Amino acid sequence: MPPLAQRNLFHDKVRLAVTLTGIVFAVVLIVVELGLFVGFTVTTSGLIDHSGADLWITSKNVPYVEQGVAFSERKLNQVRAVAGIADAQKVVAHWTQWKRRDGGEDSVQIVGFNVDDTLEQPWNVIEGRVEDLKSPDAIIVDELYKKKLGVTGVGEVFEIGGHRARVVGFTRGIRSFTTSPYVFTTFKNAQTFTGLREDQTYFILAKLAPGADLERVRRELLDRVKDVEVFTTGEFSHMTRFYWMFTTGAGVAVLIAAVLGLVVGFVVVAQTIYATTMDHVREFGTLKAMGAPNSYVYKVIMKQAAISAVIGYVLGMMVSVFVVRGSQAGGAAILMPMPMAVGMFFLTLAMCIGAALVSINKLTNIDPAMVFKG
Amino acid sequence: MQPAIAVRELTKTFIEGNAGTLALRSVDLDVDAGELLMLMGPSGSGKTTLLSIMGCILTASSGSVQVAGKEITQLTEKQLPAIRLEHIGFIFQGFNLFPTLSASENVELMLDLKGVTAKSAKRRAAELLDQVGLGEKRDSFPSDLSGGQKQRVAIARALAGDPKIILADEPTAALDSQTGKTVMEMMSELAHKRGRAVVIVTHDSRILAFADRIVKIEDGVIAGDADAAIAETSHGVRAHGASACAIPAHNLRLESLPVHNLRGTGFEATL
Chain A
1 MPPLAQRNLF HDKVRLAVTL TGIVFAVVLI VVELGLFVGF TVTTSGLIDH SGADLWITSK
61 NVPYVEQGVA FSERKLNQVR AVAGIADAQK VVAHWTQWKR RDGGEDSVQI VGFNVDDTLE
121 QPWNVIEGRV EDLKSPDAII VDELYKKKLG VTGVGEVFEI GGHRARVVGF TRGIRSFTTS
181 PYVFTTFKNA QTFTGLREDQ TYFILAKLAP GADLERVRRE LLDRVKDVEV FTTGEFSHMT
241 RFYWMFTTGA GVAVLIAAVL GLVVGFVVVA QTIYATTMDH VREFGTLKAM GAPNSYVYKV
301 IMKQAAISAV IGYVLGMMVS VFVVRGSQAG GAAILMPMPM AVGMFFLTLA MCIGAALVSI
361 NKLTNIDPAM VFKG
Chain B
1 MQPAIAVREL TKTFIEGNAG TLALRSVDLD VDAGELLMLM GPSGSGKTTL LSIMGCILTA
61 SSGSVQVAGK EITQLTEKQL PAIRLEHIGF IFQGFNLFPT LSASENVELM LDLKGVTAKS
121 AKRRAAELLD QVGLGEKRDS FPSDLSGGQK QRVAIARALA GDPKIILADE PTAALDSQTG
181 KTVMEMMSEL AHKRGRAVVI VTHDSRILAF ADRIVKIEDG VIAGDADAAI AETSHGVRAH
241 GASACAIPAH NLRLESLPVH NLRGTGFEAT L
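Chains A and B, in that order, are what the protein sequence lines are.
Under this note's numbering, think of the first position of the first sequence as 1, with each following residue one higher.
Under this note's numbering, think of the first position of the second sequence as 1, with each following residue one higher.
By construction, these hints were calculated from the structure, which means they are not laboratory data.
Every value quoted in this text rests on a predicted model; they were computed, and no experiment measured them.
Worth double-checking, as some hints may not be accurate.
Said to hold, decoys possible - Taking lysine-lysine and the BS3-like style, the derived pairs with C-alpha atoms no more than 25 Å apart in a straight line are: (1) Lys-188(A) <-> Lys-99(A); (2) Lys-181(B) <-> Lys-193(B); (3) Lys-147(A) <-> Lys-99(A); (4) Lys-193(B) <-> Lys-164(B); (5) Lys-207(A) <-> Lys-60(A); (6) Lys-193(B) <-> Lys-114(B); (7) Lys-99(A) <-> Lys-134(A); (8) Lys-122(B) <-> Lys-303(A); (9) Lys-146(A) <-> Lys-188(A); (10) Lys-299(A) <-> Lys-122(B); (11) Lys-78(B) <-> Lys-303(A); (12) Lys-70(B) <-> Lys-164(B); (13) Lys-114(B) <-> Lys-299(A); (14) Lys-303(A) <-> Lys-119(B); (15) Lys-119(B) <-> Lys-137(B); (16) Lys-114(B) <-> Lys-137(B); (17) Lys-119(B) <-> Lys-299(A); (18) Lys-137(B) <-> Lys-181(B); (19) Lys-362(A) <-> Lys-299(A); (20) Lys-60(A) <-> Lys-188(A); (21) Lys-78(B) <-> Lys-362(A); (22) Lys-13(A) <-> Lys-362(A); (23) Lys-122(B) <-> Lys-164(B); (24) Lys-78(B) <-> Lys-299(A); (25) Lys-303(A) <-> Lys-114(B); (26) Lys-148(A) <-> Lys-99(A); (27) Lys-99(A) <-> Lys-146(A).
To be verified - Okay, the calculated beta carbon distance ranges per label pair: (28) Gln-271(A) <-> Glu-136(B): 40 to 48 Å; (29) Ala-350(A) <-> Ser-26(B): 52 to 60 Å; (30) Thr-182(B) <-> Ser-295(A): 34 to 42 Å; (31) Met-1(A) <-> Gln-74(B): 26 to 34 Å; (32) Ala-82(B) <-> Ala-332(A): 54 to 62 Å; (33) Pro-293(A) <-> Ser-146(B): 28 to 36 Å; (34) Ala-82(B) <-> Met-318(A): 39 to 47 Å; (35) Thr-182(B) <-> Val-14(A): 36 to 44 Å; (36) Leu-315(A) <-> Arg-194(B): 45 to 53 Å; (37) Asp-279(A) <-> Lys-193(B): 33 to 41 Å; (38) Val-264(A) <-> Ser-146(B): 42 to 50 Å.
The beta-carbon is built from N, C-alpha and C at its ideal position, and this holds for glycine as well.
Taking the hints into account, I'd like the entire structure generated from these sequences.
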């Protein structure tokens, strides 16, 4: 086929620029919103997903990780006694107050764990070591929240829940979905910082022995340990994500914005492709008069839409990558996993093809006899 | 021999709302291969409607139309493009070239529609443009061509489909007399040397000399159908048009035609 689609598209450079701007705008908006959604989702369950545990044992009716209810730490021994459990540890995850040196206070989420174990350790430690937490009052925070917490470096001392706390290290990229940063410390310190009684814990994390049947172990735990619920890490992660993204409406708002991006992109692209088609309507009439079947004419329009989609996608992704990278230093992570990038291509293509259908509908009804009119 | 186009009792009514406009009424017309026929008549007389129906672009309300021996009035709108593609080449008043395609690509487009491969289409387009004297201009875009050159590209495009029938709507209206003459010489050659049936709708009296037959339409009916030489005389074309358009020798048949052939044709008034 002679390059009619390409030529029509590139003939009017201003209109092409408008079309591409619309597509790029849509791509960037959708990537940012979906990326925020993915970022938020991953962030909400980050503690759970990085825990290294197979099972989370909680009090009854705990809807998500931040809403843990304290229960007796004696249950830890009951858990350890169940066949198939290779390891079990107490974990604290609870809000308390951080007092900056300027006197201001901020809410933080204390994460207390057994430093000698591998469960629920902080990840991406970029300064200091996890073992440094063994020193008195030691804490590790994420570098993202240095400014918020008034921290400038290792060795600085603050007050958490009215108790002394000393920064011994920093992590990178451990965000909190709420405005309260995570503060990693030992289980013992966490009890102190959060005012938890010495004989209580918020969660018990368990790791299965190799080859153990997860469902069987879960049933046995529920039989032997009273007044608790047992979730797989996946289940608890999903519950937490669902709570924050849908029960609170935060995720819905982001998704609606993504859909709006799609709608705006669709409208802009539909309008510009329609205008381009109308500019060339006489040529399409000529094509039909020459004997071109409708499918041939549709192919030209579809090709225009597909070319616009590919160029718009590439430009849009270039901008999006820039935005995504820029977000890494901010409080809200925009993530763009590979499946999303690939999915965006097909979404952009579908958006442009869908927009072209408006023009195709118009062309179906043009009368080839128009070629004889003046 | 079967005519290239055979029209019988053709009627076309355009319906708008509750009102109907009768555009053609009981039209009978044959166009033979190798014949150059001109359709004349005032604006709104129905000549373009007739051309459109013969070109399978409009459908008839009643009657019969055979194109290359195939009855087209029974065909659906989805079947008509295939008939156009196979048998008919169009030439338009406004050239209707694709402005974003080069001369060669305009011709290749027709070949692509016919299913010719890109490589063969390029070669064939070059041949056709050579034939119409535009071999040097094959890479030029329509905006860089004169009116006559554009129409020659349109002719090359029409020929690309190797049609048996060429339908032209005012092909010289936008051209000066010398360019119009060149274009008409090509049309004449298509009919007389290549055996195509050529139908031209025109108001341009300068080109009547090229016609084998002139059919006059008024108010949707054929008001006159005569050999060209008689019609030319009746219009006085020879008197004031001969200087612009030389009359091909084969049209000079006036002496052999009886005057009574023109009775009731609409041309007789000026005899």
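Results of checking the hints against the structure:
1. Lys-188(A) <-> Lys-99(A): holds (20 Å)
2. Lys-181(B) <-> Lys-193(B): Roughly 17 Å between the alpha carbons, so the hint for Lys-181(B) and Lys-193(B) holds.
3. Lys-147(A) <-> Lys-99(A): With Cα atoms ~13 Å apart, Lys-147(A) and Lys-99(A) stay inside 25 Å; holds.
4. Lys-193(B) <-> Lys-164(B): The given pair, whose Cα atoms are some 13 Å apart, holds under the 25 Å limit.
5. Lys-207(A) <-> Lys-60(A): holds (20 Å)
6. Lys-193(B) <-> Lys-114(B): Holds: Lys-193(B) and Lys-114(B) sit about 24 Å apart, inside 25 Å.
7. Lys-99(A) <-> Lys-134(A): holds (22 Å)
8. Lys-122(B) <-> Lys-303(A): Given pair Lys-122(B), Lys-303(A) holds - Cα atoms ~21 Å apart, limit 25 Å.
9. Lys-146(A) <-> Lys-188(A): holds (24 Å)
10. Lys-299(A) <-> Lys-122(B): It holds: about 21 Å lies between the C-alpha atoms, which stays within 25 Å.
11. Lys-78(B) <-> Lys-303(A): holds (23 Å)
12. Lys-70(B) <-> Lys-164(B): Distance of about 13 Å is within 25 Å: holds.
13. Lys-114(B) <-> Lys-299(A): Measuring from Cα to Cα gives roughly 16 Å; hence the hint holds.
14. Lys-303(A) <-> Lys-119(B): Distance of about 21 Å is within 25 Å: holds.
15. Lys-119(B) <-> Lys-137(B): holds (19 Å)
16. Lys-114(B) <-> Lys-137(B): holds (23 Å)
17. Lys-119(B) <-> Lys-299(A): holds (20 Å)
18. Lys-137(B) <-> Lys-181(B): holds (20 Å)
19. Lys-362(A) <-> Lys-299(A): Satisfied, since the Cα-Cα distance of roughly 14 Å is no more than 25 Å.
20. Lys-60(A) <-> Lys-188(A): holds (24 Å)
21. Lys-78(B) <-> Lys-362(A): holds (17 Å)
22. Lys-13(A) <-> Lys-362(A): The given pair, whose Cα atoms are some 23 Å apart, holds under the 25 Å limit.
23. Lys-122(B) <-> Lys-164(B): holds (22 Å)
24. Lys-78(B) <-> Lys-299(A): holds (17 Å)
25. Lys-303(A) <-> Lys-114(B): Distance of about 20 Å is within 25 Å: holds.
26. Lys-148(A) <-> Lys-99(A): Cα-Cα ~11 Å, so holds.
27. Lys-99(A) <-> Lys-146(A): Given pair Lys-99(A), Lys-146(A) holds - Cα atoms ~13 Å apart, limit 25 Å.
28. Gln-271(A) <-> Glu-136(B): 40 to 48 Å: At roughly 41 Å between Cβ atoms, Glu-136(B) and Gln-271(A) fall inside 40 to 48 Å, so the hint holds.
29. Ala-350(A) <-> Ser-26(B): 52 to 60 Å: Hint holds: Cβ distance 53 Å, inside 52 to 60 Å.
30. Thr-182(B) <-> Ser-295(A): 34 to 42 Å: Holds, at about 37 Å.
31. Met-1(A) <-> Gln-74(B): 26 to 34 Å: holds (31 Å)
32. Ala-82(B) <-> Ala-332(A): 54 to 62 Å: For Ala-82(B) and Ala-332(A) the Cβ distance comes to about 59 Å; the hint holds.
33. Pro-293(A) <-> Ser-146(B): 28 to 36 Å: holds (33 Å)
34. Ala-82(B) <-> Met-318(A): 39 to 47 Å: Holds: the Cβ-Cβ distance is about 45 Å, inside 39 to 47 Å.
35. Thr-182(B) <-> Val-14(A): 36 to 44 Å: holds (38 Å)
36. Leu-315(A) <-> Arg-194(B): 45 to 53 Å: holds (51 Å)
37. Asp-279(A) <-> Lys-193(B): 33 to 41 Å: Cβ of Asp-279(A) to Cβ of Lys-193(B): about 39 Å, so the range 33 to 41 Å holds.
38. Val-264(A) <-> Ser-146(B): 42 to 50 Å: holds (46 Å)
Comparing the model with each numbered hint stated earlier shows that all of them hold.
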